[in-house]
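Undergrad: Single-letter residue listing:
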Amino acid sequence: MRRTNMMKRVFTLAAIIFFLGSALLWAKGEESSEYAQGKRLYEEKCQMCHGANGEGNGPMSSAFPKLPADFTRPEFWRDNPDQRIINAVENGYKLMPRIDLDPNQTNKVIDYVTNAFKR
Amino acid sequence: MAKQKHLRTPVLFILSLVFLFILFEHQNSYAVPSFARQTGLSCTACHTVYPELNTFGRHFKMMGYAMSKSAKPYEWPLPVSAVAKVSFSHLDKDLPPHSVEDTWADITDSTKNDVLYLPKIVGIYYAGRIYNGMGAMVQGNYNGVEDKFNVDITDIRYAGMTADKKFMYGATINNAPTLGDPWNSTPAWGFPYEGSDISPTPTANPLIEGELLEQQVGGVGLYGLFRDTLYAQASVYRSNRTGITSPLGAGTDTTTVVDGAMPYWRVALMHMWGTQALEVGTYGLRAKVYPEDMPYGDTNKFTDTGIDAQYQYVNEKHAFSIAAAWIHEKQDWDASFALGDTSNSSDDLHKFRINMNYYYKTRIGSIGGTLAYFSTKGDDDPSLYASDPIEGSRTGSPDSSGFILEGDLVLDNRHKLALQYVAYDKFNGSDSDYDGFGRDASDNNTLYALIRLMF
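Heads up: the protein sequence lines correspond to chains A and B, in order.
Be aware that the first sequence starts at 1, since it is given in my numbering, and climbs by one per residue.
Be aware that the second sequence starts at 120, since it is given in my numbering, and climbs by one per residue.
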């Protein structure tokens, strides 16, 4: 009887560990995937102007009279930067064209830019 | 046998489309595909709806079509795209027999006032960077209307910027005045962007407007943009009939033969703020042109001066623009008056046009349209505008006016379906019996449908 209870406890504990571990791994995998998606979108849609390191020095940057935004500068991250990025992506701003991203994709790019370049 | 030939051409055309589709479809889908592949941006980065440019599109053009996502100084694969167009025209009243060219392209399903062009055009573009700051937009066509191959739009340019970034400069080689202009209020890129090839059009048009000089001349120009505000261009053109510029008119008969050098100038003030842009400018040319079919002896002189403006507002869902132009042409008929082809030794001609476009962006593409008004007025000249079936004038007046209404659906950012109606309230001087042969202005009202596929 005692042995049966012990087996139940061990089994329950193993199950909890398994499910918690899976959930944690899944969450981590999802996070990694979202980050990867944001990175991929940034590389496809933003990097040509804003540069691989977010410093506003991509291959097309030299063609503009003012360099594209430098995401590594602390000044960029003042005054509601997320909303400014959303506005620029959705509507364009002066010489920056509007970019074909849906709101979900825009958020992934913002997450990537924030995590990768904000100092 | 004849029926087999009728069937063979549409089948070949459809097979060609399938081939182009297979060749290009696996690549990213963009409106002017090679430009878009080069930049990594979609067509809406440069256009509201092709060919109207937005702020970034104008900058891309002024920078020589050379901006690229690649750090290499060249593009590989080569920036090549293809276009295919099918059109259908319906006139309110029949045209006389043989007024529509009897080519294989129009015999598939055509009557005297319904004409289907299958294809209207199949074209190949080189559109993108050549090397470093040098790029080009060059189109070669098979023209189904005229059943021949020709060089169409040609704009090869080099651009750069000073170290302080205050001055952008460039040089262009192209084959029509205003073709190199970045705004859509000048003739080469102004509305209507497409139109019927069979419907009669008013006889009088300033030289700089319309198709009178397209591929007829070739030239070189210098341009500059100071502080994103002041744009100026100066070009000089010569006839493509013979000589160094003749490749720029390859496949096109030179019917407007210009004598010597033809200067063209352009100045514009522009301003952009947020998602809006405004331009106000002026342009013009002076040309010495031989009378038609007589490329020797004395010439007629034309001095064109235009004033134009464009306002544009573009955001996530909406694109609105309004463009207007007024052109005055001074016509000195030194040659034609002596030949008795004109009643006056000189005439004045004025053209005004204005168009408003609105497009709404949906998940499947952009939907919208354009409303336009046009008016041509000038001196009466009974010899120049003589009575003649369809293209003549009973009154000797060049005055014409009307409206254009066009609806567009742009799918997948590049394939365009357009339905256009042109309504005349005055044609070659009057609204009824304008040609002296019983044709009314409204008889030339035209319904035009276009399918344009880009790969």
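Think of the hints as simulated: they come from the structure by calculation, not from any bench.
Be a bit skeptical, because a hint or two may be false.
Said to hold, decoys possible - Cut-off 27 Å, straight-line C-alpha distance, at most; resulting in silico cross-link-like pairs (DSSO-like, lysine-lysine):
{"no.": "1", "chain 1": "A", "residue 1": "39", "chain 2": "B", "residue 2": "191"}
{"no.": "2", "chain 1": "B", "residue 1": "449", "chain 2": "A", "residue 2": "94"}
{"no.": "3", "chain 1": "A", "residue 1": "66", "chain 2": "B", "residue 2": "449"}
{"no.": "4", "chain 1": "B", "residue 1": "285", "chain 2": "B", "residue 2": "267"}
{"no.": "5", "chain 1": "B", "residue 1": "436", "chain 2": "B", "residue 2": "188"}
{"no.": "6", "chain 1": "B", "residue 1": "188", "chain 2": "A", "residue 2": "118"}
{"no.": "7", "chain 1": "A", "residue 1": "39", "chain 2": "B", "residue 2": "436"}
{"no.": "8", "chain 1": "B", "residue 1": "285", "chain 2": "A", "residue 2": "94"}
{"no.": "9", "chain 1": "B", "residue 1": "267", "chain 2": "B", "residue 2": "188"}
{"no.": "10", "chain 1": "A", "residue 1": "66", "chain 2": "B", "residue 2": "267"}
{"no.": "11", "chain 1": "A", "residue 1": "94", "chain 2": "B", "residue 2": "436"}
{"no.": "12", "chain 1": "B", "residue 1": "496", "chain 2": "A", "residue 2": "66"}
{"no.": "13", "chain 1": "B", "residue 1": "420", "chain 2": "A", "residue 2": "66"}
{"no.": "14", "chain 1": "B", "residue 1": "285", "chain 2": "B", "residue 2": "191"}
{"no.": "15", "chain 1": "A", "residue 1": "94", "chain 2": "B", "residue 2": "420"}
{"no.": "16", "chain 1": "B", "residue 1": "284", "chain 2": "A", "residue 2": "39"}
Undergrad: Hint by hint, note whether the structure agrees.
TA: Structure-based check of each hint:
no.: 1; hint: A/39 <-> B/191; in the structure: holds, 22 Å
no.: 2; hint: B/449 <-> A/94; in the structure: violated, 39 Å
no.: 3; hint: A/66 <-> B/449; in the structure: violated, 43 Å
no.: 4; hint: B/285 <-> B/267; in the structure: violated, 46 Å
no.: 5; hint: B/436 <-> B/188; in the structure: holds, 26 Å
no.: 6; hint: B/188 <-> A/118; in the structure: holds, 23 Å
no.: 7; hint: A/39 <-> B/436; in the structure: holds, 26 Å
no.: 8; hint: B/285 <-> A/94; in the structure: holds, 16 Å
no.: 9; hint: B/267 <-> B/188; in the structure: violated, 37 Å
no.: 10; hint: A/66 <-> B/267; in the structure: violated, 46 Å
no.: 11; hint: A/94 <-> B/436; in the structure: holds, 17 Å
no.: 12; hint: B/496 <-> A/66; in the structure: violated, 45 Å
no.: 13; hint: B/420 <-> A/66; in the structure: violated, 45 Å
no.: 14; hint: B/285 <-> B/191; in the structure: holds, 25 Å
no.: 15; hint: A/94 <-> B/420; in the structure: violated, 42 Å
no.: 16; hint: B/284 <-> A/39; in the structure: violated, 30 Å
Comparing the model with each earlier hint shows violations of hints 2, 3, 4, 9, 10, 12, 13, 15, 16; every other hint is respected.
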